[in-house]
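Chemist: Residue-level listing of the chains:
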Amino acid sequence: MNKRTLTLVTLLLWGALMSWFWVSGRIVAYLHPQFHPLVAAAGIVLLLLAPLWWWATRESGAGCSSCGCHHEHGEEPRSRLSAGAAFGFVVLLLPVSTAFFVSPGQFGEAAIMNRTIVTSITQLPSAVPETAVLDEAPVLGDADEVPDVAQWPEAQEEGVEYFTRGPDGAIQLETIDLLFAAEEPALREQFADQRVSVTGQYVPPRGDGSARFDLVRMFMVCCAADARPIGIAVSSPSLPVAARMGWIRVTGKARFANDGESVQPFLEAESIQEVPAPREAVLY
Amino acid sequence: MDHWFWFSASDFAYGFLSVVLEGTPFILVGVLLSGLVDVFLPPRVLARVLPRNPVAGILLGGLLGAVLPMCECGIVVVIRRLLRKGLPLSNAVAYMLAAPIINPVVAASTYAAFRGQGAWEMTLWRMGLAFGISVVVASIVLFLRRGSVLRPDLQVPEEIADTPEHRAPAEKWAAVVRSSVGDFLDVTVYFLLGAAVATLFNTSVNQQLILPLSENNALSVAGMMGLAALLSLCSTSDAFVAATFTAFSSAAKLAFLVFGPMMDLKLVFIYGLVFRKRFIALLVVLLFVLVWLSCTQLPIGNFRG
Chain A
1 MNKRTLTLVT LLLWGALMSW FWVSGRIVAY LHPQFHPLVA AAGIVLLLLA PLWWWATRES
61 GAGCSSCGCH HEHGEEPRSR LSAGAAFGFV VLLLPVSTAF FVSPGQFGEA AIMNRTIVTS
121 ITQLPSAVPE TAVLDEAPVL GDADEVPDVA QWPEAQEEGV EYFTRGPDGA IQLETIDLLF
181 AAEEPALREQ FADQRVSVTG QYVPPRGDGS ARFDLVRMFM VCCAADARPI GIAVSSPSLP
241 VAARMGWIRV TGKARFANDG ESVQPFLEAE SIQEVPAPRE AVLY
Chain B
1 MDHWFWFSAS DFAYGFLSVV LEGTPFILVG VLLSGLVDVF LPPRVLARVL PRNPVAGILL
61 GGLLGAVLPM CECGIVVVIR RLLRKGLPLS NAVAYMLAAP IINPVVAAST YAAFRGQGAW
121 EMTLWRMGLA FGISVVVASI VLFLRRGSVL RPDLQVPEEI ADTPEHRAPA EKWAAVVRSS
181 VGDFLDVTVY FLLGAAVATL FNTSVNQQLI LPLSENNALS VAGMMGLAAL LSLCSTSDAF
241 VAATFTAFSS AAKLAFLVFG PMMDLKLVFI YGLVFRKRFI ALLVVLLFVL VWLSCTQLPI
301 GNFRG
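Those protein sequence lines, which keep their order, are chains A and B.
So in our numbering, spot 70 of the first sequence is number 70, and the numbers just go up one at a time.
So in our numbering, spot 77 of the second sequence is number 77, and the numbers just go up one at a time.
What the hints contain is simulated information worked out from the structure, not anything from laboratory work.
For clarity, every value in this text was computed on a predicted model and none was experimentally measured.
Positions of the beta carbon are idealized from the N, C-alpha and C atoms, including for glycine.
One or more hints might be untrue.
Stated by the list, open to error - Under 7 Å between C-beta atoms, here's a sample of chain A residues computed to sit facing chain B:
no., residue
1, V39
2, A42
3, F107
To be verified - Stretch by stretch, here's where chain A covers chain B in the computed footprint (C-beta under 8 Å, at least three residues):
no., stretch
4, 13-21
5, 174-182
6, 188-196
7, 232-243
Okay, chain B solo, but in the shape it has when bound (with noise of 0.2 Å):
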């Protein structure tokens, strides 16, 4: 390896574009939905259905994605709009960190990828662990003040007397049209910043670095999560890269799939639409301890077949 940076204008442009254009439509399914979200969905019809035991609502909100199914950029501005209208933290926190993972699209690209390298086993533990994880930490979520969570326009839920209920028909499109852009135009700002700092690793720093990790377990495992957060790879087509990085062990390749799509670099400024900077930076520990501890300490074996 002769360098370990180098970076060209023409190739971090180009980089930063097919991002761009993957990630806008899944922002604007999210964006639109959020709108139809917040004029139609009266908070209080979201009290009613919730469980009101807070354990049964972490675990409904982490297997939400299966029916509900969001790709990480998304899913931000959906959860956003649903604290809006009430939807208790710690939910939220389980569904926005489960529903990139658990959902039929991402399962099926990962038993893809990994055919001929433990399909089966892959997409189970990856399904499995990103649950068990989105518990974890929605479950200590569950015990922080919301105050110390939320940046401070979330804070207060809306009230139901606010529900736009009674305005006619156009007027409610309209609405739905202002809140959707609004939102677009909210969360693509961060989603840019995002992408850029994402794109400059992605394409300037040399990937052969991580290499020599792979001979350590420990090491290597922090390597591919380090690595998952720099690349910033949408959770539909992650599992492809990381079936590539074939000199690592399947904890390694696990461990990011796990984490990259609960935290990369785009993330930690799309997180900061809903998140205070503290909450963002706990996350990124805690995230990173978690899946680290699972990775390394779980009979997780070297999936064959």
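With the rest of the complex left out, here is chain A (with noise of 0.2 Å):
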């Protein structure tokens, strides 16, 4: 196979690779929704590249001499490859076709200990709640500057009904809801004792024979190398029977324990459920 060829196959594999990913919905696990549209552009172009690299180089003598691309000597598009231009290819076609069978499409537990779960707001500074009830909020950047609920119409006219609550009356939350109303004093004692539905993946406890465990979701900012795991404590009279890092419901009582320096939210789980995969399983 020589050069010519072998690039409109790599051409045709990362268009095809690209355009997969957006048009399976497959995108969502790994960027934030902002670069979708230009990964299925780049999916398209390349596909549109494809058969244009092989008008361009329809010609026997189009090479070095007119396609002012500059290859090396040997390198035009119909010669034999060189070694070099044969482990191009080898790297160009083989990690992203291995990565793209092999990718779960979410972190496991390696990852996630290896970032450290994230138990405070404030170490996210960009980061807003999803369900919306803080819409209107200034972003935390600094514990020292908690802005007033009371800024924010919605939370305080409507308070935690602003949530949805489940058929079984408990207000479904994301780990993040939590985190936020740590930080938050009229929001805590809103949310405190209250009985609440938290969706997560499951991280057992680390050795120490507890039944405490972790209930984290990823939050992204910009694509899966940034994602941050935000995570919730969650104590229980027996640990779940879910896969290491499978996907749980928790439905019990919201708690907040104060050691004097920071607030730390965590549920009192009274029902664990196993369930599937959220369509969007990142927070953005």
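Both chains are sitting in their own frames, so use the hints and assemble them into the complex.
Modeler: As structure tokens, then:
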């Protein structure tokens, strides 16, 4: 196979791969929504470049003398492959195709532990809860600058009722909502001792024999490379039977522990249920 | 902390793919621009518009990102093409180092990420320091021989006669495609190698390792620069990550934001498309020393509000 054909294969494979991520919706696990159109556009451009490349190199003489792409001697599109060019194509084709099949679309326990679980909203200056009760809220950047919840009309008028309740009456929350509430006294007061239901991934306790585990949800700013695990502790009479990093829904009482320096939210579990991964497993 | 390294193939594959998906559109923009420059920008036009004074050229190069914004992944292929067209080396280096930071998108993302932590101060310091360091490095490059900096295939700019202006329009567009695709293959190989190394660190190394450094200013600045190099984040989003290191001083976070887009693991590979290995090593040391000195010696203070 000469360089011209391998280049065509590379462009088609990359174009198909990027288009597939977008068309299949698999992209939501990898990138923030603002990048999705860019991936779609890149896939289309690469797929268009493939036939254009074939056309642009159609003449047998089209090579170094006219293409302006400054190949090394012997690297014209129709020439046989040198060892360097062959290595280049292996790098272009093999890792991406392998990763495409191997990648589970979410981080496992190793990456979560290497990034350390975020347990305070002050470690996420750009975080705004998805549930939108705090849409009007100034973004928290520092524990000393916690804004007054009175600035947010919805929260004041409707309180916890602003959140959706499940069939069992439990307030449906994300892990990030509880971290937010921990920093906000008025909101904390409204959530404390309420029955809430939170969905996340199960991170088992690490070696100390306790039944207190973590419930985490990834928060992404741009791509998975910058995603951070947002977690809350869950105390439970027994550990869930779910797989490590499996998706569970914990229903129980929201509590806030104050050690004098910071306030940490935790859940006292009443029931734990295995659930399928949400369509958008990552919070943005 | 009970471990410092924990590798998982599936985590690696997931992180690697996300970096590839994020970076590829920007590389494509770079190579398409590069193809257009190759075919439609005659060297004599470039020679005519550039300032004859080398210092003015460096200053212009440092500010060019404000009107021609490029991310660090896409810019290398563009400056490679511009160097072939006769852009002076020092101007190219100033543009290459400054443009991924001094551009409207990065200014806006830095401001947004640091709301509540001195957003204006951080944004202005980031832009100002990036400009200053780019100009200083480019001024040093001014005194280096082109042959000692650039790869052999880039050392001689194209002759004016080589410009394919006589071609038919269809042939010119065919040349744009050949040039863009050639560049795409070249830069993507380096990008993939860099992304793989960066992802290995990003997903496998325990990031708590650097936390003890936060207690010492000099070490915290160096530690955050090292982290920026290992994580190899895009300059449009790195501010959101830097802002989360609340235990670190503003100076350390500033060092992260200035050093990362100029030099990281991924860029070490991509710079290999243009520069000799010895120059890349010099660039690593120079940038490290300049950013570290600036962030430890300048009166940066701790930004609030």
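Chemist: Taking the hints in turn, state whether each one holds.
Modeler: Against the structure, the hints come out as follows:
1. V39: Holds. Min distance 6 Å.
2. A42: Given a least distance of 4 Å, the restraint on A42 (chain A) holds.
3. F107: At about 5 Å, which falls below the 7 Å cut-off, the nearest Cβ of chain B leaves the hint on F107 (chain A) intact, so it holds.
4. 13-21: It holds, with 9 qualifying residues against the three required.
5. 174-182: With 8 residues closer than 8 Å to chain A, the stretch 174-182 of chain B meets the three-residue bar; holds.
6. 188-196: This one holds; 5 residues, not fewer than the three required, reach chain A with a Cβ under 8 Å.
7. 232-243: With 9 residues closer than 8 Å to chain A, the stretch 232-243 of chain B meets the three-residue bar; holds.
The structure fails none of the hints (numbered hints given earlier).
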